[in-house]
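Could you put the whole structure together from the sequences, leaning on the hints where they help?
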Amino acid sequence: GQVIYFGIKYRQGSKADRSGRKSTSHKLETFWIGGTFVLCVVMYVFSTAVYFQLYNPPANAAQVYVVGKQWMWYLQHPEGHRETNELHVPVGRPVKLKMTSQDVIHSFYVPAFRVKQDVLPGRYTSLWFRPTKVGKYHLFCTEYCGAEHSLMGGSIYVMEPADYEDWLSGKRAQGAGGTMASAGEQLYQQHHCAGCHGEQGQGGRGPSLVGLLNKDVPVTQKGSTAVSTVKADENYIRQSILEPQTQIVAGYDPIMPSYKDRMGEDDLLQIIAYIKTLSKGKEVKP
Amino acid sequence: MTHENHHVSLRGYLITFGALVGLLGLAILVAYLPLGRFHLTATLIVATIKAVIIMAIFMHLRFSNRLTIAFASGAFLWLGILITLTLSDYLSRGLLAIPGK
Amino acid sequence: MSDPAVALAASASSVEMGDVPLAHHFDDPVQQHESAVLGMWAFLATEVMFFGGIIAAYTVYRAISQDEFAAASQRLSPALGGINTLVLLGSSLAVALAVRGSQMRQRKTVLIMLGLTMLLGTAFLGIKAYEWSLEFGHHLAPGPNFHFEAEHGEASASASHASGPLDLRRVQMFFVFYFFMTGLHAFHMIIGLAILAILFVQIFRRRLPATGERPVEIVGLYWHFVDIVWVFLYPLLYLIEVR
Amino acid sequence: MSGTLIEPRLDPRPDPVPGPKADAENYIAVEHSVKSWLLTTDHKRIGILYMLSITLFFFIGGVMATIIRMELMTPRGDLLRSGDEYNRMFTQHGIIMIFFFLIPSIPAVLGNFLIPLQIGARDLAFPKLNLLSWYIFMVGGMFTLGVMLTGGVDTGWTFYTPFSSMFSNTHVIATALGVFIVGFSSILTGLNFIVTIHTMRAPGMTWGRLPLFCWAHYATSLVQVLGTPVLAVTIVLLGLERILRIGIFDPKLGGDPILFQHMFWFYSHPAVYIMVLPSFGVLNEIIPCFSRRPVFGYKFMAGAILAISMLGFLVWGHHMFVSGQSMYSGMIFAILSLLVGIPSGIKVFNWTATMYKGQVIGKTPMLYALGFVGLFTIGGLTGLMLASLAIDVHVHDTYFVVAHFHYIMVGGATMAYLGGLHFWWPKISGRMYPEFWGKIAAMIIFIGFNLTFFPQFLLGYLGMPRRYYEYKPEFQILHVMSTAGASILAVGFLIPLVYFILSLWYSPRAPKNPWGATGLEWTVASPPPAHNFDETPIVTEPPYNYDHDEVDHE
Ligand code: HEA
Ligand code: HEA
Ligand code: CUA
Ligand SMILES: [Cu+2]
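Chains as they are written, first to last, in my numbering: chain S, 817 to 1102; chain H, 2 to 102; chain L, 3 to 245; chain W, 2 to 555.
Because the hints were derived from the structure by calculation, they are not lab data. Watch out, some of these pointers could steer you wrong.
What the hints assert, rightly or not - Derived BS3-like pairs (lysine-lysine); straight-line CA-CA distance at most 27 Å: (1) W:Lys129 with W:Lys253; (2) W:Lys473 with S:Lys952; (3) S:Lys914 with S:Lys1031; (4) S:Lys952 with S:Lys914; (5) S:Lys1076 with S:Lys1092; (6) S:Lys1047 with S:Lys1031; (7) S:Lys952 with S:Lys1031; (8) S:Lys1031 with S:Lys1076; (9) S:Lys1076 with W:Lys253; (10) W:Lys253 with S:Lys914; (11) W:Lys440 with W:Lys513; (12) W:Lys300 with S:Lys949.
Okay, structure coming up:
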């Protein structure tokens, strides 16, 4: 509200300036200085007061942990379950976030809630908001963080408390339904593997994953340039996902982020299961 | 800066040098005193005195016009701005009970 | 800024009041001298901020990791640093005397004093190089080979402030600053020495008049500045807390 | 202003009669060889060299801007092959426009050309250093261009760590080196101006009579001399961390990334005043001339310029309100930032007051000047909004910020540069520019500009983050408007380029003083003789003496 108010007020003000309505008295200088000073102070007092509110969370806020990494958001609820790039919260309950980053600086921004805070590696920063209206809201990363900065977003779902409970129990029940591989496929999309390895693993900026299992892969070890060959067994794939930097596939840049802290062992198993189906010769159009 | 030369006598220079050496000794002495956190202040004060002496006498600032003096002190003033305002961030972090603020 | 501005304005208008318009074209020696000195001071202001940037960074890390910096600084030798300070102060004196010589039109003094300055400057660099080699030998240079153990055991560090074990990354940071600051300073010294050498040769060959105070004075200003930088670096790096 | 009085002429029509001076005398005609240009120490020729080089950079940066805008027409990435490419594009756009166009624009071109003329000197205090600055500039520029052609850099012009030092796999070091080099050019130019203005003023040219253009450059130079070295050392630290992998800013190695931001903005906020103060100087010449009135409140104007340059050093933290800097320093920086609005307000109000009851003549330079006042005010007031903590939390790093700085840097500074170029073009080239086309171009630029960047305020307010390669579909309409505006703007910028070049052959020769303006530069022939003044002028009048009865006696 305040923003719009200032916006309109000053844009009109500038038009007034252009029409040149001032007189020529020298005392005016003092008047201008005094006048603008007062305006400054008024703006300052208002905005600073709001600023403090913006960061000072109420005592009953629920704690959500946020980890940012190139290029995804990883959130964990007080109840313990995790989400990627999505956050479900019940309407009306204030939420405070404790945030950190695994690599570079990101910034957690929900335009609809007017909140933003940079997320720093090696430090915790915090933010809070009180969702007041049910709906789906954008979540953006607003600190430039590399190639996929513009895709590092997601949604905040504000739900009726009842719906939220449903969602929660659904989440708990999940994992029962669906095969390992299809769950893996979901993870594959969710973690943006597709961004580099192609929608169906056909490759892109990262190598193709089709037919990977048990293939011989030319790699260079960390810190050397010599190319050696390793067999791509499950352990290799696991390591490639957790610590991609240790063995780099020859001819590719070491740009793949580590998923060490974002995939549990269960996730890993599912994703490997999915990659296996790729090797079973799923036909991929070029 | 007018064109007359302001000679400092040889003796003057030597005395200055002696003073500088004395201050150096003082600085080292201070470093051995158990001052705890005040070491920084103490040694910096000594260093500043030394710098001022060098500038005033060796660099003839004492005989220069006010313009040159303004440039010399301006530079240090700006350095002060840089350090003070930057530190204002670090030293006031964590004063509030809000993480990261 | 306003004081000197007013002063200059006053002097300029007095010229205007006078009858003889002073020929203020570029080759006027007074004007030229003024320009050169002012230019050098402005340049030194730049240099202050150049070193200032890194001193600010140093201050920040020192402020948030005092114990680490204190512990790391123990590894430097205040004695060698002190000797170096002495050497450099001496060279400053020599330059000052060279300038004085040129003002008094004593060519020989100028040459001797410039020579002495260079000698002391080189000595400084020599000692500095020796120190660096010691520190490299002790694996204090930041990088993969960096190795540091609190000298008197963990006890001494925690005894004074009881703030837990040292953050080795910050200890290493101290050495980053140490090497960078002293390296940058040495780099300035080398440039200064080169300029001094050229000046010396030119005066020696009478390409430049020894009595023309300008070049000697300008170079002198620079040299004193390098000295001042060291005057600050020495306590900042060596004298944090000697035990 | 000089001994010879210039009658203020109300007739805006330029005198079509060729200047009586023989061509052989002027600075362009003395020698023709390429070598004579490349080895010149004449401040006027160096000004021209700069003009050619920054024009090149402006158009390169402009083409990049155009590519950015085309990409943003649709929410999906389509024109460029990947986000990486887009990221390189805006990074290089920002770097070129800021370091290689706007920072040197007015000072190095118009300042170089005019300061000695305005203060009655034959050259800058250190002519060789001046030439050296240009060479350093070119080395840095060509180097950076080369880097961009061979892969480029994708860190954003702000080089934030640890992305730049540890994660980006583009040519960060090389680009940083280019910026480092060009920084020295900037420092040396500033140094030269400071000394020149102090020591080379003609008799009678007291500080109270110094044209405000020189005051503005004096203040700018102070900022350059005191600020740029900090950028230089910051870049060196960044380079060290990246090459040697030793900890300075990277938290993994015990560093603090925010420190980089402090050090970067310590330079880069004052740098925005390097970009805008010279425009104030230009405005201060154009507006009185075309209002036929002495500038309103000369002393306050000079004081405001100095105040802005000093205060400008105290506000850098306003770029970091949500960065994790402490709230208390946020508060300090916020109030200081708002205070900058006061001297800026003095300037805006005084320009308005200068026009009041004057006879405003709508020549092209004046159109640009009026455009500047309006757009700068909008840009500045949105700057105040950004400086207000709570508002910034919402709009930080959104298109609101993008719009804010384009309003000041394109709508403000670039317009002022163009205005100044038109104003002094007769002096620089000895030819008039075509007035009709001039006005057309000014209008097109003004319209195109607002169409391009006004929607971006709305975008930002709606929450569209900046540096986004792909965006949500609901933002598309405003983006399309912006792109449409940008194409109009591109046409607008092309027109002056064409007619300035053509005017060298086809336009009438310019008389000494086509605008009836005051100032020593108008007392010499157009183009000026190589040594500027046959005889050192003696100044006996206050500046902007357009109105003999109403001389400002304060
Ligand atoms: C020439 C360039 C220029 C100039 C002159 C300015 C001028 C100002 N800028 Fe701007 N700014 C930039 C270029 C510039 N800026 C750039 C490039 C960025 C983005 C950097 C990046 O992240 O990439 C930026 C970003 C930026 C931010 C950070 C936004 C963010 O990232 O979240 C802020 C925040 O405070 C800010 C504030 C200001 C202020 C208060 C002024 C003031 O100087 C404005 C003063 C002018 C006026 C106020 C108008 C005239 C006055 C009146 C009509 C009187 C009435 C006044 C009162 C009521 C007080 N600017
Ligand atoms: C002096 C500084 C300056 C100038 C003049 C400009 C000029 C322009 N800028 Fe830029 N801009 C910046 C400084 C500047 N910019 C900075 C610092 C950034 C931030 C970078 C970062 O985030 O790191 C930025 C970022 C930036 C963005 C945001 C990118 C993002 O965050 O994703 C956009 C988007 O619209 C943009 C657009 C434009 C446009 C349309 C122009 C137009 O005004 C340009 C008009 C000029 C021309 C078009 C050239 C002349 C015409 C021709 C050569 C005709 C022939 C060519 C064609 C028709 C193709 N700029
Ligand atoms: Cu993460 Cu941008
Ligand atoms: Cu700023």
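Hints, verified against the model:
1. W:Lys129 with W:Lys253: With Cα atoms ~46 Å apart, W:Lys129 and W:Lys253 exceed 27 Å; violated.
2. W:Lys473 with S:Lys952: holds (13 Å)
3. S:Lys914 with S:Lys1031: Violated, at roughly 43 Å.
4. S:Lys952 with S:Lys914: It holds: about 21 Å lies between the C-alpha atoms, which stays within 27 Å.
5. S:Lys1076 with S:Lys1092: Between S:Lys1076 and S:Lys1092 the Cα gap is close to 20 Å, so the pair holds against 27 Å.
6. S:Lys1047 with S:Lys1031: The given pair, whose Cα atoms are some 6 Å apart, holds under the 27 Å limit.
7. S:Lys952 with S:Lys1031: This hinted pair is violated, its Cα atoms lying about 44 Å apart.
8. S:Lys1031 with S:Lys1076: Holds: S:Lys1031 and S:Lys1076 sit about 24 Å apart, inside 27 Å.
9. S:Lys1076 with W:Lys253: Status holds; Cα separation ~16 Å.
10. W:Lys253 with S:Lys914: Between W:Lys253 and S:Lys914 the Cα gap is close to 19 Å, so the pair holds against 27 Å.
11. W:Lys440 with W:Lys513: Roughly 22 Å separates the two Cα atoms, so the pair holds.
12. W:Lys300 with S:Lys949: Roughly 55 Å between the alpha carbons, so the hint for W:Lys300 and S:Lys949 is violated.
Consistency note: the structure conflicts with the earlier hints numbered 1, 3, 7 and 12.
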